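K.L.:
Each chain is listed here by its residues.
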Amino acid sequence: MCTTSETILNLDIMVPSQTRYLRLIGNIAEQLARDLDGEKSDREALAYHLNLVVTEAVTNAIQYGCANERKDKIRILLSIENSDLCVRVYDYGQGFDFEAVPTPDIDELSERGRGIFFIRSLMDHVEYRKTESGNVLEMKKRIT
Amino acid sequence: MCTTSETILNLDIMVPSQTRYLRLIGNIAEQLARDLDGEKSDREALAYHLNLVVTEAVTNAIQYGCANERKDKIRILLSIENSDLCVRVYDYGQGFDFEAVPTPDIDELSERGRGIFFIRSLMDHVEYRKTESGNVLEMKKRIT
Amino acid sequence: MKLVTEQRDGRTLLIVKEGRLDAHNSGELKDRILKLFEEGGRDLVVDLGDVQFIDSSGLGALLSGHKNAIQRSTGFALAGLQPRVKAMFELTRLQRVFEIYPGLREALDV
Amino acid sequence: MKLVTEQRDGRTLLIVKEGRLDAHNSGELKDRILKLFEEGGRDLVVDLGDVQFIDSSGLGALLSGHKNAIQRSTGFALAGLQPRVKAMFELTRLQRVFEIYPGLREALDV
Ligand SMILES: Nc1ncnc2c1ncn2[C@@H]1O[C@H](COP(=O)(O)OP(=O)(O)O)[C@@H](O)[C@H]1O
Ligand SMILES: Nc1ncnc2c1ncn2[C@@H]1O[C@H](COP(=O)(O)OP(=O)(O)O)[C@@H](O)[C@H]1O
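As you go down the protein sequences, you meet chains A, B, C and D in turn.
Counting in this note's numbering, the first sequence runs from 1 upward without gaps.
Counting in this note's numbering, the second sequence runs from 1001 upward without gaps.
Counting in this note's numbering, the third sequence runs from 2001 upward without gaps.
Counting in this note's numbering, the fourth sequence runs from 3001 upward without gaps.
No wet-lab data here; the hints were simulated from the structure.
One or more of the hints may lead you astray.
[Unchecked claim] Simulated pairs of lysine-lysine, BS3-like, Cα-Cα distance not exceeding 27 Å:
| # | chain 1 | residue 1 | chain 2 | residue 2 |
| --- | --- | --- | --- | --- |
| 1 | B | Lys1141 | D | Lys3086 |
| 2 | A | Lys141 | B | Lys1073 |
| 3 | A | Lys130 | B | Lys1141 |
| 4 | C | Lys2086 | A | Lys141 |
| 5 | A | Lys140 | C | Lys2086 |
| 6 | D | Lys3086 | D | Lys3035 |
| 7 | A | Lys140 | B | Lys1141 |
Model, not experiment: these values are computed from the prediction.
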């Protein structure tokens, strides 16, 4: 399903469920964005944004998604499909209602709750769903 | 087989069989080496070396390894297994006698023939073998 | 995590010597800021000049410092934000919450 | 691939404005060097100051230039090698084959 015939490139990453790997995963996503075709003017901004959304999603998978025997590893799929850069981050927790997560209220000055906001703001299409291989947060960004 | 119980981290990469992806793959390998545990003094040299051996192996897989219907994609596995950083590059060509590749003769000044030499010089263990999923050049470097 | 503390004209300076602030190290940053206040530090200036990347947990750690400073009726300022880091403050509208200076000199001149 | 050519005191200067030389762009570098000689360029100096990474095909492209210069009885020098790039010349013993200068100034002063 994730590797369709239009998949140009696929990185299937499995790392320990530990925050020390955030940098590596984020940097790989950044590298991928940077090495895309064409000379999009905001390539460097896209690279940062990809690093950020992957970092936020993996942080959540580590914090909320450890519910069964597979909990010691996190799976991240990065791919280019048609003209989308796709990120899929799996978690094996109870899941949550993605659509119900509120936009952060600036007056509250809460220290948390800006991860999903970043993901929604910076990606073109975001979806959270349950699959046979765990819950997956799927994020897409058009790159052409 | 590649993902044993001692595998700490696994990157399974599939890219088009085109040299323009060498930079991306090399940079990912470099990133992995850079983000390893511990404060090995020659971390930056290791990062360069990893980038180089992956680049050389993928170049060969592109140049010599395109023999059947899977020829449009190259598979690269990067992993940390026990205390080894492992690189596996698959090709789907006729294969070759790895042990028979000679050390480059400096007096000949040949423009070619230094890729396998770099791989042998910079990695601790190198092996080329035929498997069910194609030929694989397996390279290991101890990281502790 | 590399954090350097200095005293300058009665102000406490915290220099973040990391390229990246994420959930792996933002807890430590938050704790260090709180500790500086607990130890009597006043008018904290956090130098983020080396930080190339910040995520929501990094913003959270800084917000914790900001709120703590308000409680203690003292100052809390940020200096040296890289353009892409600054963009994250803007996206979350936090640039209006924090006292932000282009560089250390401007922050200390106040 | 970004390659800049300049003439300086009757010598031809080729500045490689790429961070990386690998099988994706070394063919172009090789062709450009040959073309410079064909167009009458003499005593070529290749500035590698921007190159952070070189692989065996990059070394091969430079060797091609070196051999071509010998055939034409003219000079071929390299300048500005980064430490890690230089290490690749040393590993393959090619530092003894090429005329290598620390920087452009030293190469042009000869
Ligand atoms: N993978 C996940 N599994 C379960 N709950 C999640 C997951 N990701 C996010 N959430 C929920 O969504 C909320 C908002 O997430 P986020 O915006 O990243 O902020 P934070 O994690 O800082 O609270 C979290 O507090 C959590 O309740
Ligand atoms: N994956 C491969 N499949 C078949 N032959 C290979 C492969 N990799 C290397 N070779 C053989 O080994 C030789 C030496 O390879 P290398 O040292 O990389 O130098 P070069 O590719 O520049 O000739 C090649 O010329 C080729 O004949």
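K.L.:
Each hint needs a verdict: does it hold in this structure or not?
P.N.:
Quick rundown of the hints versus the structure:
Taking the CA atoms of lysine 1141 of chain B and lysine 3086 of chain D, the gap is near 22 Å; set against the 27 Å cutoff, the hint holds. Proximity of lysine 141 of chain A to lysine 1073 of chain B is assessed by CA-CA distance (about 23 Å); at most 27 Å being required, the pair is judged to hold. Between the alpha carbons of lysine 130 of chain A and lysine 1141 of chain B the distance comes to roughly 38 Å, so the proposed pair goes past 27 Å and is violated. At roughly 22 Å between alpha-carbon atoms, lysine 2086 of chain C and lysine 141 of chain A fall within 27 Å of each other, so this suggested pair holds.
For the hint pairing lysine 140 of chain A with lysine 2086 of chain C, the CA-to-CA distance comes to about 24 Å; that is within 27 Å, so the pair holds. A threshold of 27 Å between alpha carbons decides the hint, and for lysine 3086 of chain D with lysine 3035 of chain D the separation of about 25 Å falls inside it, so the pair holds. The hinted pair formed by lysine 140 of chain A and lysine 1141 of chain B fails the criterion: a straight-line CA distance of about 35 Å is larger than 27 Å.
Going down the numbered hints, you'll see the structure goes against 3 and 7, while the others check out.
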